[in-house]
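Asker: Below are the chains, spelled out letter by letter.
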Amino acid sequence: MKYLVMVQGTQADYDGMQGKPTPGSPAWSEAEMQAMFAHMGAINDDLSETGELIDAQGLTEPARTRLVALGADGKAVITDGPYSETKELMAGYWVLECASLERVTEIADRVTRCPLPEGAANRAVVIRPIGEGGGDI
Amino acid sequence: MRDTTGIEDLLRRHAPQVLGALVRRYGHFDTAEDAVQEALLAAARQWPEHGVPENPRGWLIRVASRRLTDALRAEEARRAREEKAAALEPREPYTAEPPREDDTLSLLFLCCHPELTPTAQIALTLRAVGGLTTAEIARAYLVPEATMAQRISRAKAKVRGVRFGRPDNWAERLPAVLHTLYLIFNEGYTATSGPSLTRRELAGEAIRLTRAVHRLLPEAGEVAGLLALMLLTDARRAARTGPHGELVPLDEQDRDRWDEAAIEEGVALVTRALSQGPAGPYQLRAAIAAVHDEAPSARATDWHEILGLYEVLVRLVPGPVERLNRAVAVAMVDGPHAGLAELDVLADELGEGHRPDAVRGHLLERAGDLAAARAAYESAAARTLSLPEQRYLRTRAARLGP
Numbered sequence: 001m002k003y004l005v006m007v008q009g010t011q012a013d014y015d016g017m018q019g020k021p022t023p024g025s026p027a028w029s030e031a032e033m034q035a036m037f038a039h040m041g042a043i044n045d046d047l048s049e050t051g052e053l054i055d056a057q058g059l060t061e062p063a064r065t066r067l068v069a070l071g072a073d074g075k076a077v078i079t080d081g082p083y084s085e086t087k088e089l090m091a092g093y094w095v096l097e098c099a100s101l102e103r104v105t106e107i108a109d110r111v112t113r114c115p116l117p118e119g120a121a122n123r124a125v126v127i128r129p130i131g132e133g134g135g136d137i
Numbered sequence: 138m139r140d141t142t143g144i145e146d147l148l149r150r151h152a153p154q155v156l157g158a159l160v161r162r163y164g165h166f167d168t169a170e171d172a173v174q175e176a177l178l179a180a181a182r183q184w185p186e187h188g189v190p191e192n193p194r195g196w197l198i199r200v201a202s203r204r205l206t207d208a209l210r211a212e213e214a215r216r217a218r219e220e221k222a223a224a225l226e227p228r229e230p231y232t233a234e235p236p237r238e239d240d241t242l243s244l245l246f247l248c249c250h251p252e253l254t255p256t257a258q259i260a261l262t263l264r265a266v267g268g269l270t271t272a273e274i275a276r277a278y279l280v281p282e283a284t285m286a287q288r289i290s291r292a293k294a295k296v297r298g299v300r301f302g303r304p305d306n307w308a309e310r311l312p313a314v315l316h317t318l319y320l321i322f323n324e325g326y327t328a329t330s331g332p333s334l335t336r337r338e339l340a341g342e343a344i345r346l347t348r349a350v351h352r353l354l355p356e357a358g359e360v361a362g363l364l365a366l367m368l369l370t371d372a373r374r375a376a377r378t379g380p381h382g383e384l385v386p387l388d389e390q391d392r393d394r395w396d397e398a399a400i401e402e403g404v405a406l407v408t409r410a411l412s413q414g415p416a417g418p419y420q421l422r423a424a425i426a427a428v429h430d431e432a433p434s435a436r437a438t439d440w441h442e443i444l445g446l447y448e449v450l451v452r453l454v455p456g457p458v459e460r461l462n463r464a465v466a467v468a469m470v471d472g473p474h475a476g477l478a479e480l481d482v483l484a485d486e487l488g489e490g491h492r493p494d495a496v497r498g499h500l501l502e503r504a505g506d507l508a509a510a511r512a513a514y515e516s517a518a519a520r521t522l523s524l525p526e527q528r529y530l531r532t533r534a535a536r537l538g539p
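Residue numbers (this note's numbering), protein chains in the order written: chain A, 1 to 137; chain B, 138 to 539.
Derived by calculation from the structure, the hints in this document are not laboratory data. Just so you know, even glycine gets a beta-carbon here, dropped at the ideal spot from N, CA and C. Be a bit skeptical, because a hint or two may be false.
[To be verified] Okay, the calculated bits of chain A under chain B, using three or more residues with CB under 8 Å as the criterion:
no., region
1, 33 to 46
2, 50 to 60
[Claimed, not checked] Simulated coverage check for chain B against chain A, where a stretch passes if three residues somewhere in it have a Cβ under 8 Å from a Cβ of chain A:
no., region
3, 234 to 244
4, 462 to 472
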C-alpha cells in the first residue's frame with residue numbers, strides 16, 4: 001500500500017532556517033541544519049535500501065506559493081503567497097510503499113526524532129494513505 | 138584520513154546488489170546499469186571527502202534510483218515526442234523489496250547469457266557484477282576505452298529483454314558462468330599480452346566474484362572446485378616472478394613465499410568438494426594444484442598422483458591444454474622420452490601455440506638434447522605475446538649455450 005508522509009512547517013520556521021528568529025521559531029545554526037539533513041538523508045538511504053521509498057522531496061517556503069482559483073467571471077484568479085506566518089503547511093513529503101500502517105507509523109516516528117534547535121516546535125508528521133479508500137486506516 | 142581503497146572495496150561489494158535491486162524494481166537492465174555506474178562514480182568522488190554514509194548500500198540505491206527514473210522519464214518524453222503519441226505504458230509494478238545477495242547470481246547469469254560471445258560476457262560481468270568502470274576494464278584488456286564501451290553497450294542491447302532472476306535451467310548454465318570467471322582469473326594471472334605478468338586486479342576480482350557465487354551455492358562442487366583452483370594457483374603469485382619481473386617456473390620457486398593461508402583454504406575447499414560426489418574438471422584441476430602446493434619441494438612432488446588426476450581430467454576434458462599437461466606428468470613419472478612421445482602424438486592437435494614448444498624444450502633439455510631444446514625454446518619465445526614469458530624462454534635458451 002502506498003502512503004504519503006508529510007512533514008509540516010510554517011513560514012516562520014522557514015525564516016528561522018534562514019537565520020531570522022521569531023518566538024517559537026529560533027534561528028538555525030549551520031551545524032543544526034547539517035544535523036537535520038543528515039537525519040533525513042539517513043532515513044532516505046534506509047528506505048531506498050528496503051525498497052519502500054518511491055519519492056521524497058522538500059518544498060520551498062510558503063511565501064513562494066501560488067494559488068490559482070476560478071473567478072466568478074470565468075477567468076483564473078492568481079494569488080502569489082503569502083500565508084500567515086504561523087499557518088502549518090506541508091514542508092516536505094515522502095511517497096512510500098509499505099507493508100502496513102504500523103510500518104509507516106514506525107517511519108514517521110523516526111522522522112519526528114529529527115534533531116532541532118533549542119526551542120523549536122516539533123511538529124506532527126502526517127500520514128495519508130494514497131488511493132483506493134484508505135486501506136487499513 | 139582518506140581511505141580510498143576501503144571505499145573502493147565497499148563500492149565493488151555493493152555494486153551487484155544495488156544493480157539487482159534496481160533491475161528487480163524497475164526492469165531496464167541496460168539503463169539501470171548506467172545509473173549504478175553513475176552512482177558508484179558519485180560515491181567515489183564524494184565519500185572520501187565527506188565520509189561514508191551510515192548505510193552505504195541504501196545511499197547507492199537512492200542515488201542510482203533517482204538517476205534511473207530521471208533517465209527513464211527523459212526516454213519516455215523523447216519517445217512521446219517522436220511518436221507523437223502519449224505512450225502511457227503501464228509502469229512496471231513497484232515492489233518494495235530489500236536487496237538480495239542472490240541478485241549477484243541473477244546478474245551473473247544475465248551477463249553470461251548464451252547469446253553473448255565470451256569477450257562480451259567477460260566485459261559485461263566485470264562492469265555489472267564487478268563494479269569496474271569501462272576505463273578500468275579497457276585498461277585490463279589493453280583495448281581502447283571506446284572499443285570496450287562499444288562492446289559493453291552491444292552486449293547490454295543483446296540482453297535487453299532477458300528476464301531477470303535465476304534462470305530455471307541455471308544448473309545447465311552454471312558452467313558458462315564459471316568459465317567466464319575462470320577466463321577473468323587466467324587473464325589476470327597470466328596476462329596473455331603486455332608487459333605485466335599478473336594483472337592482479339583481474340585475478341583478485343575473479344576470486345572475489347567466485348567467492349560470492351560459492352557463498353550462494355555452497356553445495357555446488359564445481360564452484361568450490363573453481364574457487365579452490367584460483368586460491369591454490371594465486372597462492373604462488375609472490376614466488377612466481379623474480380625481482381625484475383621475470384617468470385620463475387614452479388620447480389624453481391621459493392616455496393616459503395607461497396601464501397599458506399590461501400593454500401590451506403584451497404585444500405580444505407577441494408577436499409570437501411571431492412568427498413561429495415563425482416569430481417568435475419575444476420575440482421580435478423584444483424586437486425592437481427593442491428598436490429603441487431602441498432609438496433615441501435619440487436623434488437618431493439607426488440607426480441604419480443598428479444598423473445592419475447590428469448588421466449581422469451583428460452577423460453572429462455580432452456582438450457589440447459589438458460593433454461599437454463598430462464604429457465608433462467607422463468614425463469615426470471616415466472622420463473622425458475615418454476613425455477616427448479606423448480607430445481608427438483599430440484603434435485597436430487596442439488597446433489602453433491607457444492606452450493607445446495616450451496614443453497618440448499623442457500623435455501628435450503631433461504633428455505640431454507641441448508641443441509634441440511634451445512631451438513624449441515627459441516621457437517616458443519617467438520610465439521608468445523607475453524613479455525615476461527618471452528624473457529623467460531630466451532633466458533632458458535641462452536642458458537643451454539650455443
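Asker: Run every hint past the structure and note whether it holds.
Answerer: Consistency of the hints with the structure:
1. With a cut-off of 8 Å between beta carbons, the region 33 to 46 of chain A has 5 residues touching chain B; three or more are needed, and the interface restraint holds.
2. Restraint check on the region 50 to 60 of chain A versus chain B: 5 residues with Cβ-Cβ distances below 8 Å, three needed, restraint holds.
3. Counting residues of the region 234 to 244 of chain B whose CB lies closer than 8 Å to any CB of chain A gives 3, which reaches the minimum of 3, so the coverage claim holds.
4. Under the rule that three or more residues need a Cβ within less than 8 Å of chain A, the assignment of the region 462 to 472 of chain B is violated, with 0 such residues.
When the structure is compared with the earlier hints, a violation turns up for hint 4 alone.
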